[in-house]
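Chains as they are written, first to last, in the working numbering: chain A, 1 to 357; chain B, 358 to 647.
Keep in mind that the hints are not guaranteed to be accurate.
[Claimed, not checked] Quick list of the computed label-pair ranges, beta carbon to beta carbon:
hint: 1; chain 1: A; residue 1: Lys270; chain 2: B; residue 2: Tyr509; range: 18 to 28 Å
hint: 2; chain 1: B; residue 1: Glu626; chain 2: A; residue 2: Asp182; range: 36 to 46 Å
hint: 3; chain 1: A; residue 1: Lys270; chain 2: B; residue 2: Ser622; range: 26 to 36 Å
hint: 4; chain 1: A; residue 1: Leu47; chain 2: B; residue 2: Arg621; range: 26 to 36 Å
hint: 5; chain 1: A; residue 1: Glu279; chain 2: B; residue 2: Gln578; range: 33 to 43 Å
hint: 6; chain 1: B; residue 1: Glu642; chain 2: A; residue 2: Leu47; range: 13 to 23 Å
Rather than coming from a laboratory, the hints here were simulated on the basis of the structure. Ideal Cβ placement from N, Cα and C applies to all residues, glycine included.
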Amino acid sequence: MIAASAGAFDLKTPVKQAWELSRKLVNAYETLRRLGEIEVGASPRELVFAYDKINLYRYQPEALVTCRAPVLIAYALVNRPYMLDLQPDRSFVRRLLQQGLDVYVIDWGYPTTADKYLSLDDYLNIFLNDSVDFIRDTTKHDAINLMGICQGGTFSTIYAALYPQKIKNLVTIVAPVDFSTDDGLLFRWSKKMNVDAMVDHYGVIPGEVLSVGYLMLRPFMKISKYIDILEVMDDRDKVENFLRMEQWILDSPAQAGECYRQFVKELYQKNKLVEGGLEIGEEKVDLKNITMPLLNIYASDDHIVPPNASTPLNDLVGSADKELYSFKGGHIGVFVSAKSQKELAPAIARWLHQRAK
Amino acid sequence: MDSIANVQKAFWNIGGAAPRESDTTKKAHDLYEAWTGMGQSWANSMRDAFEEMMRATSQGVGREALANIFSSAETYMKLFEFWLPLYKSLQEKTFDPASYQRLFDSAQYKAILDKVFDFISPGTVNEFYENILDAYQRGLSPMFKIPAMGKYREHVELALNLLRKYPAFMAQYGQYQGRLYATGQQAMEKVMAQFIRRMKENSAPPSYDEFFKIWAEVNEQAFHELFTAEELVALQNELQNTGLAIKKDFQKLMALASYPIVLRSEMDELYKTIHDLKNRVHDLEKERQK
């Protein structure tokens with residue numbers, strides 16, 4: 001940084017500033033060109049089940065599995081699940097493995113135009129249900145642990161209400177459940193959105209369309225981020241970390257039209273999970289059916305899923321054993337921050353171990 | 358690839374002098390006078406170097422990141438150019454609210470906001486839709502020469518509908534941009550107030566990087582408030598609806614044109630059938646497993 005000095009106007013400052021920026025940009029170019037492709041997804045895993053475009057992976061244990069019931073992680077449809085396993089020192093999944101959990105992750109894949117008619121019914125009663133059944137059958141467990149993240153948390157909540165007998169413990173992380181809040185911009189925008197016009201036009205909503213919405217949440221911070229990164233271009237680790245995050249941000253799958261329409265209309269606009277009346281397939285969803293232990297984690301500074309959208313879940317379920325966990329941080333920090341690796345993953349593993357029998 | 362040489366060349370083009378202390382001191386006045394267009398000429402010269410760099414960078418996340426870095430750097434420099442006269446007047450203690458009004462170049466500031474929000478100019482939007490209409494009219498010109506009756510009636514009605522919606526879209530687009538520009542301008546006044554307060558506390562003007570930080574924070578807050586406002590959400594939805602309605606009409610027109618291509622509605626039917634069949638097969642497999 002070039003500090004301004006007091007006194008007569010000094011043109012050294014602006015000239016140097018422009019020169020410095022030019023030099024940093026060339027440096028950025030050379031660094032990024034030298035680095036080439038970036039690897040994401042650090043932990044060894046095996047594809048154990050596939051159906052249509054979805055893939056179910058089992059992660060290779062990193063320690064003796066001490067919590068016998070497996071954990072299935074369901075991530076959101078709007079981003080890729082490798083956020084949970086970006087790199088060895090920033091891997092939420094790895095921390096869970098090290099704590100003795102047997103971890104599976106469902107990858108929803110990339111919908112194409114042909115997937116326009118995939119609905120919530122397909123995602124819950126076929127994709128998620130088949131994955132759960134596969135794990136139950138192959139591991140000989142009547143019920144498994146389900147961990148849902150963000151929109152995947154909403155899915156997991158609905159699923160647990162539809163199939164309570166198959167879920168031993170439910171963990172939700174930054175999951176929107178009460179959509180009546182006006183705290184987040186996405187919640188405000190979605191309430192009045194003409195989702196029918198959007199789905200009718202696009203069929204499958206392109207990832208880029210959704211990305212524009214996300215970028216509008218913090219447009220000026222985006223610029224600051226790219227200016228700030230110029231300062232650390234000589235630090236290979238930091239640049240690689242930055243690129244992994246960039247990779248994740250840019251990798252935004254399209255959304256199957258019918259599912260998107262239902263999610264926006266039934267949940268964002270009519271708040272049916274809380275108000276009642278949500279039907280998946282031909283089944284009514286009643287959150288009181290959730291009687292298994294619940295660990296509901298929210299992020300106190302979450303601007304995408306504000307706490308008010310997540311915390312009411314504990315009052316809506318029928319579980320006697322339920323806990324609300326406040327994580328100090330934002331929506332993404334929940335998985336990638338040092339605090340998350342150090343505190344949150346062990347806390348979840350501890351909670352599951354305590355309920356393993 | 359000689360990007361460094363290109364950047365150096367671009368840099369010399371800005372001020373005509375290397376950043377050597379003695380030279381810059383001597384040429385201070387000339388340089389300042391030349392500064393008005395400096396950001397622009399810097400951006401223009403750098404853009405050539407950037408394009409060369411982008412061409413030499415293979416596809417992937419690094420390339421995307423580089424494009425975003427260049428774009429942000431351009432905004433950073435545009436703001437720098439905007440800030441410099443203010444900085445000069447502050448440093449020479451000639452700054453007052455009236456001079457701020459004089460120095461505030463709204464066209465220049467609009468260009469900064471266009472870059473932040475990736476706005477395309479109304480001219481470009483215009484051109485885009487004119488091209489669509491032109492292509493359509495050229496393809497279907499015989500239709501316009503016949504009376505709007507019988508099987509052509511629907512064509513003509515759709516085409517007229519399209520023509521009616523387009524100005525409405527442009528008006529909404531202009532209104533939306535206007536709200537953003539107004540918010541940006543108000544935010545800039547708050548930035549200046551904070552900047553002056555900071556200067557009084559520290560006796561010297563904050564550096565450009567400090568100014569940039571204040572600018573980003575104040576704007577982020579101001580635009581968050583704007584995007585939260587019911588009125589803007591409604592306008593945003595109207596804009597989206599009109600845009601989608603235009604596209605929908607256009608698709609309908611294309612469908613009526615009888616081109617030898619598979620229509621979207623036909624593909625939708627196929628997708629629906631495949632979806633239903635997949636589910637049927639899935640159910641049968643489940644039953645068989647039982």
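Status of each hint after checking the structure:
Range check, A:Lys270 to B:Tyr509: about 43 Å between beta-carbon atoms, so the 18 to 28 Å window is missed. With their beta carbons about 40 Å apart, B:Glu626 and A:Asp182 fall inside the hinted range of 36 to 46 Å. For the hinted restraint 26 to 36 Å between A:Lys270 and B:Ser622, the CB-CB distance of approximately 29 Å keeps it satisfied. Separated by about 34 Å at the C-beta atoms, A:Leu47 and B:Arg621 satisfy the suggested range of 26 to 36 Å.
Here the CB-CB span from A:Glu279 to B:Gln578 is close to 41 Å, well matched to the stated 33 to 43 Å. Roughly 20 Å separates the CB atoms of B:Glu642 and A:Leu47, a value that falls within the hinted 13 to 23 Å.
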